[in-house]
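Engineer: Sequence:
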Amino acid sequence: MYNLVMKLAEVLLLALGLSMDAFAVAVAGGATMKKLHVPHALKMALFFGVFQALMPVLGWAAGLGLKDFISGWDHWLAFALLAAVGGKMLWESFEIKEESECGGGRSCPFDTGTLTVLAVATSLDALAVGLTFSMLRVSIIGPVLIIGAVTFVMTAAGVKIGSAGGHFFENKMEAAGGAVLIAIGLKILLEHLGVL
Numbered sequence: 080m081y082n083l084v085m086k087l088a089e090v091l092l093l094a095l096g097l098s099m100d101a102f103a104v105a106v107a108g109g110a111t112m113k114k115l116h117v118p119h120a121l122k123m124a125l126f127f128g129v130f131q132a133l134m135p136v137l138g139w140a141a142g143l144g145l146k147d148f149i150s151g152w153d154h155w156l157a158f159a160l161l162a163a164v165g166g167k168m169l170w171e172s173f174e175i176k177e178e179s180e181c182g183g184g185r186s187c188p189f190d191t192g193t194l195t196v197l198a199v200a201t202s203l204d205a206l207a208v209g210l211t212f213s214m215l216r217v218s219i220i221g222p223v224l225i226i227g228a229v230t231f232v233m234t235a236a237g238v239k240i241g242s243a244g245g246h247f248f249e250n251k252m253e254a255a256g257g258a259v260l261i262a263i264g265l266k267i268l269l270e271h272l273g274v275l
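Residues 80 to 275, numbered by our numbering, are exactly what the sequence shown covers, in order.
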């Protein structure tokens, strides 16, 4: 029983760690709304939760053969995607806008295309976790369900937190969100290059 509790605690901590990038992006996304739109929050939570659960499965299925190939460029891809989206948010935060919410020609973090890019970028680390599960011959079903559920909850909470404070800071929150995305991408890159 003790081993089961310890393994569950380890998986929960792993899930929380993996969900932190999604949480930060969700706060930045929520800041683009004057008031919380529950469908937007649920859509982002669903995208992030599904991708965060799918990536370990892909990594697990790929096994050892793909590990060397993925580890050589996953950090560059994550950095490029997050820097591009974050840079666009920063750029838009300095534009004069009549409307504070996303839409009307502005990029929206809740658009399906943008959500897909963000979900992939924030879940690449989970691919490596799946490869680790494969190497350790760990069952994938339980951890994947926990990782997806924790990410879903953390993302929904992040959107709520961002929307609650976003209208007070308007462009500053969007700039901060863009900077957060770039910082997350840089952190991923520097960790994989061994600088951090």
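Please keep in mind that the hints were generated in silico from the structure rather than gathered at the bench. Some hints here could point you the wrong way.
As the list claims (entries may be wrong) - Restraint ranges, calculated between C-beta atoms of paired labels, are given here:
| no. | residue 1 | residue 2 | range |
| --- | --- | --- | --- |
| 1 | Ala-228 | Val-117 | 17 to 27 Å |
| 2 | Phe-173 | Ile-240 | 39 to 49 Å |
| 3 | Thr-211 | Val-117 | 14 to 24 Å |
| 4 | Thr-211 | Leu-269 | 28 to 38 Å |
| 5 | Lys-113 | Val-196 | 17 to 27 Å |
| 6 | Ala-228 | Thr-191 | 33 to 43 Å |
| 7 | Leu-91 | Pro-118 | 40 to 50 Å |
| 8 | Leu-92 | Ile-240 | 32 to 42 Å |
| 9 | Phe-173 | Lys-114 | 36 to 46 Å |
| 10 | Thr-191 | Ala-140 | 39 to 49 Å |
| 11 | Thr-211 | Ala-262 | 20 to 30 Å |
| 12 | Leu-275 | Val-117 | 30 to 40 Å |
Yeah, the Cβ is synthetic: ideal placement off N, Cα and C, and Gly gets one too.
Engineer: Confirm or reject each hint.
Structural biologist: Quick rundown of the hints versus the structure:
| no. | hint | result |
| --- | --- | --- |
| 1 | Ala-228 to Val-117: 17 to 27 Å | holds (18 Å) |
| 2 | Phe-173 to Ile-240: 39 to 49 Å | violated (24 Å) |
| 3 | Thr-211 to Val-117: 14 to 24 Å | violated (35 Å) |
| 4 | Thr-211 to Leu-269: 28 to 38 Å | violated (21 Å) |
| 5 | Lys-113 to Val-196: 17 to 27 Å | holds (24 Å) |
| 6 | Ala-228 to Thr-191: 33 to 43 Å | violated (22 Å) |
| 7 | Leu-91 to Pro-118: 40 to 50 Å | violated (28 Å) |
| 8 | Leu-92 to Ile-240: 32 to 42 Å | violated (21 Å) |
| 9 | Phe-173 to Lys-114: 36 to 46 Å | violated (24 Å) |
| 10 | Thr-191 to Ala-140: 39 to 49 Å | violated (25 Å) |
| 11 | Thr-211 to Ala-262: 20 to 30 Å | holds (25 Å) |
| 12 | Leu-275 to Val-117: 30 to 40 Å | holds (37 Å) |
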